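Number of protein chains: 2
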Amino acid sequence: MILALDAMGSDLGPSAVIEPVKQFVKDFDTDLWVYGDESALSSLKDVPRVTVIPTTEVMEMEDGPLAVRRKKDSSMVRAVNDLKEGKVDGVVSSGSTGALLSAGSLLVKTVPGVERAGILSPIPSKTGKPFALLDMGANASCTPEQLVNFAYIGKSYMRGNYGIENPRVALLNIGTEPHKGDELRQETYKLLSEAEGINFIGNIEANRIYDGKADVVVADGFSGNVCEKAIEGTASFMMKTMKDTLMNSGLLTKIGALMIKKSLKKMKDVLDPNQFGGALIAGLNAPIVKAHGNSNEKAYYNALRQLYRTVKEDVVGKVKSELQ
Amino acid sequence: MILALDAMGSDLGPSAVIEPVKQFVKDFDTDLWVYGDESALSSLKDVPRVTVIPTTEVMEMEDGPLAVRRKKDSSMVRAVNDLKEGKVDGVVSSGSTGALLSAGSLLVKTVPGVERAGILSPIPSKTGKPFALLDMGANASCTPEQLVNFAYIGKSYMRGNYGIENPRVALLNIGTEPHKGDELRQETYKLLSEAEGINFIGNIEANRIYDGKADVVVADGFSGNVCEKAIEGTASFMMKTMKDTLMNSGLLTKIGALMIKKSLKKMKDVLDPNQFGGALIAGLNAPIVKAHGNSNEKAYYNALRQLYRTVKEDVVGKVKSELQ
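In order, the protein sequence lines correspond to chains A and B.
Read in order, the letters of the first sequence correspond to residues 3 to 326 in our numbering.
Read in order, the letters of the second sequence correspond to residues 3 to 326 in our numbering.
Source of the hints: derived by calculation from the structure; they are not laboratory data.
Just so you know, these numbers come straight off a predicted model, no measurement behind them.
Every residue gets a Cβ at the ideal spot worked out from N, C-alpha and C, and that includes glycine.
Some clues are possibly wrong.
Far from chain B, by Cβ distances over 10 angstroms, these chain A residues were calculated [as the list claims (entries may be wrong)]: (1) 52; (2) 181; (3) 209.
Which bits of chain B does chain A cover? Going by a derived footprint, with three or more residues having C-beta under 8 angstroms, they are [what the hints assert, rightly or not]: (4) 36-47; (5) 137-148; (6) 151-160; (7) 202-209; (8) 245-254; (9) 283-290.
Sequences are here, hints too, so could you generate the full structure?
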């Protein structure tokens, strides 16, 4: 297995990948090709099983879909191109979502029958079983047909990877009744009710997604992104509040805090975005994992780990065969 | 002061208001008029300072804006009508958002210059100072002009009620750069950049709203609602996870958990939706607080408390004079 890492996408600069790359090849039986500025990555030169692929251009956060044709020697386009050519088995990038989606769609291409790829991540629920949320930000505006498309992608993902026979699909909305929401939601509701092979269970509100009632939650890229980022921000805010509260309390509380430290860590991990590391651009012919723009070392490590598992368990192959 | 409570809006039925009403009039120096089915509210009959206003119709969750003209003897319309006529000083309702907004707009009317009212709630931030999020669900689809309108309402709210001289206004979006998001966001970004008297600081992503950088976060009612409900769901999911984790751990952890119990409660309160109780329908000439559809007893109590403070501190008067 050879995995590819676009090293130039992080807000923190390419140095953020050095440590996670070193650690990753120690822990997993895979080669890693790291694309980016040669001098910034020089300390990776002699690391066994790591190959630095020097590139001269950088995809900036401001770069949209059009930049893919312009910046042919960017670390992102080079990595995705090698994926297209079968030289590597998967790509991790934390670069501009628009550009990455476009590179994926242009080069690796969407699975036949899939109009638009969507960003998908499994999210834990109260039952312990995760649900798939998509689109988490690939498509800022969507048509009802695209949302139905996401329902099929999400269904295939949950069937293929979690063995759920007939995944329950819900539409993220601001009320549960069929007429709730804007025109997009009302029209999508109708289409999903009639969609063949989709076990549509109706609308779901963002405060109920954890209930374990839905295996797939379908959203347009705007509200899906808001949902995912609100989850992330709230989880991190609560952990910070808890830490502050415990540390500013009396001695007894501090001792109590030390006693539950391990449990707290476990809880933190449940919704820590760096724990997920990244999200799959689902609906493409090969695996691309989008890591956060503000990925730190832990996030890169986990995004690579996620890609490793995605390749190892042939997640994309399963989605493809389900979709066909 | 006389406050009004629409008792028929809760998914849990009118019985959910009995205890919070009794407790509320004990704790606060105000009269309370409770609108709803006379027999269901019979146990409130002899409670001092509580007046049951019998009504014969019920605004259902499925009822939209049009129902306001049809169901004139519903508890919701009767309460809002008494607010219009100055018989009461404010209304709490957990009924259909669309109907409540419509009742408010038709009867109490929006402040001159305000096209559409928005649902607003202060939300805590990492700095300890709250920010105002609006619209949290009143308008499923919005125009750029309406979002600018919300910016003015939010600004007035934060100036009037938190004494912030020049509130920093941000636009909820899925990226920070000006071109990010859909057409609505791109156009709104332009308008907000040029809006007179608005201290526009740019786009904000949902994971950064707690950072304390913005005093007002402007959103359309769809994504604002998704954001607010994702916050609510995540906070409650994390508290549940923590409880489960601590209770299923060894004895030492359990003892530790008991030692930090008080601190944990404090943390829970920070983001507990029942703690807020409700949100203000901002931009109207008189205060209406929208409580959650699934309001429990604690939520009703807190919604009433919120309305009490809103009236006592003349929040609406301050917003009105700021807007003029």
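Hint-by-hint comparison with the structure:
no. : hint    : verdict
1   : 52      : holds (31 angstroms)
2   : 181     : violated (7 angstroms)
3   : 209     : violated (4 angstroms)
4   : 36-47   : violated (count 0)
5   : 137-148 : holds (count 3)
6   : 151-160 : violated (count 0)
7   : 202-209 : holds (count 3)
8   : 245-254 : holds (count 4)
9   : 283-290 : violated (count 0)
In the structure shown, a violation is registered for the earlier hints numbered 2, 3, 4, 6 and 9, in ascending order.
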